[in-house]
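**Q** So the chains spell out like this:
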Amino acid sequence: MKRNSTFSTFNIVNTLFMILIVLFTLYPFVYLVAQSFSSEAAIYAGKVTIFPVEFTTKTYEVILSKPDFFGYYWNTVVYSVIGTFIAVAATAVMSYPLSKDKLRLNKFFIPFVLFTMYFGGGLIPNYILIAKTLEMRDTIWAIVIPGAISAFNVILMKTFFAGLPYELEEAGRVDGLGVFGIFTRIILPLSKPILVTIMLFVMVGIWNNWFGPSLYLQSKEKWPVALYLKQIIDNAVSPTEIGATSDQTSQIAASIKSTAMVLTSLPIICIYPFVQKYFVQGMMIGAVKG
Amino acid sequence: MTAQAQVKAVDTTPLWRHVKKEWKLYSFLVIPVIYFIIFKYAPMIGNIIAFRKYRGGPNIFGSEWVGFTYFEMFMKDPTFWRAFFNDLTLSVSYLVVKFPVTLIFALLLNELRNIKWKKFVQTVSYLPHFISMVIVAGMVKEIVSLNGPINSVLASLGVDKISFISLPEWFPAIYVTSGVWQSLGWGTILYLAAMTGINTSLYEAAKIDGASRLRLAMHVTIPGILPTVMVLLILDIGSILGSNFEKILLLYNPLTYETADVISTYVYRMGITGGNFSYATAVGLFEGIIGLILVTTANAVSKRTTKSGLW
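For the protein sequence lines, the chains are V and S, in the order given.
All residue numbers for the first sequence refer to full-length UniProt numbering, where the first residue is 1 and numbers rise by one.
All residue numbers for the second sequence refer to full-length UniProt numbering, where the first residue is 1 and numbers rise by one.
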């Protein structure tokens, strides 16, 4: 069958198309890295397109020698770790009973969760609740609690739990495990793909969150790095504030933005290939059965 | 099949006895349900300030009723209507571009026979989904800036430099292109999942009948993923008001409000920045209800025509 040979016209065109997609996707990253290693003069002259021009690491030295950036970074790490733990634990605890067909009240609870996917309180009522009624302003709780459980994640995890073989739970019960024991010692260890998937979704969400912090965190020292980055991009933070000496300031106004962007996205880009296979697995299982 | 159906006999024990028997499992739900009531349902009730003169402060119940005053106000507000039509324009143009492109990309990915190459393309194409909106917006601004690569190419072609980010007529193009860049790979994930669920014997049968690759895609793959396509389309239609709030907030500026200001950014400026809480809530509530009506309608239409829907 000639049609199925590897070198058919279709395969060649398709491969070329895929190469184009890969280039289209990666180009902004390449440009950003090139700009961060280029001199300001070259950037302003519009010479930077793919490779760094007049290679320099000055902006990296300036940012990395200033402890502030690490302070914001550390805040992000703290918010991400605590927030992810709360979110994954709460999502798992909620999804497990919802995955059980024998629970008759699920006929009420599942629509109760689903409805929040299609209608929400809106920006202003949420803001009033968190900032004024619950007085969570300027605390870590305003960042990690309001988004902890999402209906989408619950549905994904519930579908995964429902697909686990019932016989395993039965075996656990025979061995004398209670409901809680079955959950922690049988269900959770079997659910690594979905737990990692949700963990990644939540962690990336908190890592990238700047809007919530901009609403609720007044003290600058509590800011996550994403919010600080926004200020740099908006030019609200001058190069001198980042710690550049006066002769450096004129050199780094544009490349400082790229450098800060590279440094902020670096952890995600580094972890991403390793967790990728889990979330693809997790999404697929959760979605096909759902 | 029938044997399984018989096993699922209707549980006829009284409800209280059922709850008593399964209380351990139900107890898992206590904290999450309280969470949902406080953080998901209370803000829905909080929308009543759209009908009250709320002046700030922790108590949303301590102010007088004003009925539909705020709704009448925004109906007469030209800025609201501008935001409304921008919201429609941006969402619909994004949907019209993104939907077929993602579907075609998924079909083509499915045709790749080299597994390693396929995995590589997928890994790369998912990546933008995980990048902070702050960085996406920052990248976009750098790339379209006066000394960015697009203007460099224009300059080498002898075209004058264009300040894309401050020209209203360019905003929809920037919005749609960057949206496709961000979501193209991620959008394929559910289609690919659905494709792996298609019975392989259907392909074999069609091949024996002499079907070409195009015909296999048209008559086996596409019908096989149709339910997934419909579900995603319904969800997209439901959010047709509600263009990406964060991205617009990061990308727009007063120069481009004319085409870039949408309902959610208008609500943000009115409510959070301007302190007109009740007015902004009324606008936001309107957006939410339209979204709910759209999802419900799209779902009903889909169920009637293709027999697949969200619920």
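Incorrect hints may appear among the rest.
[Unchecked claim] Output of the computed footprint for chain S on chain V, the stretches with three or more beta carbons under 8 Å from beta carbons of chain S:
(1) 12-20
(2) 66-79
(3) 185-196
[Unchecked claim] Straight line, CA to CA, 35 Å or less: simulated DSBU-like cross-link-like pairs of lysine-lysine:
(4) S:247 with S:76
(5) S:303 with S:207
(6) V:58 with S:141
(7) V:220 with S:247
(8) S:119 with V:192
(9) V:220 with V:66
(10) S:118 with V:192
(11) V:58 with S:247
(12) V:277 with V:107
(13) S:21 with V:102
[What the hints assert, rightly or not] One-sided and incomplete, this derived list gives chain S residues near chain V with beta-carbon spacing under 7 Å:
(14) 121
(15) 125
(16) 152
(17) 170
(18) 224
(19) 290
Worth flagging that the hints you see were computed from the coordinates, not collected in a lab.
Here a beta-carbon is modelled for each residue, glycine too, at the ideal position from N, C-alpha and C.
**Q** All hints are to be evaluated individually against the structure, with a verdict given for each.
**A** Hint by hint, here is what the structure shows:
no.: 1; hint: 12-20; result: holds (count 4)
no.: 2; hint: 66-79; result: violated (count 0)
no.: 3; hint: 185-196; result: violated (count 0)
no.: 4; hint: S:247 with S:76; result: holds (27 Å)
no.: 5; hint: S:303 with S:207; result: holds (31 Å)
no.: 6; hint: V:58 with S:141; result: holds (22 Å)
no.: 7; hint: V:220 with S:247; result: holds (23 Å)
no.: 8; hint: S:119 with V:192; result: holds (21 Å)
no.: 9; hint: V:220 with V:66; result: holds (16 Å)
no.: 10; hint: S:118 with V:192; result: holds (24 Å)
no.: 11; hint: V:58 with S:247; result: holds (30 Å)
no.: 12; hint: V:277 with V:107; result: holds (34 Å)
no.: 13; hint: S:21 with V:102; result: holds (11 Å)
no.: 14; hint: 121; result: holds (5 Å)
no.: 15; hint: 125; result: holds (6 Å)
no.: 16; hint: 152; result: holds (4 Å)
no.: 17; hint: 170; result: violated (17 Å)
no.: 18; hint: 224; result: violated (12 Å)
no.: 19; hint: 290; result: violated (11 Å)
Violation of the numbered hints given earlier is confined to hints 2, 3, 17, 18 and 19; the remaining hints are satisfied by the structure.
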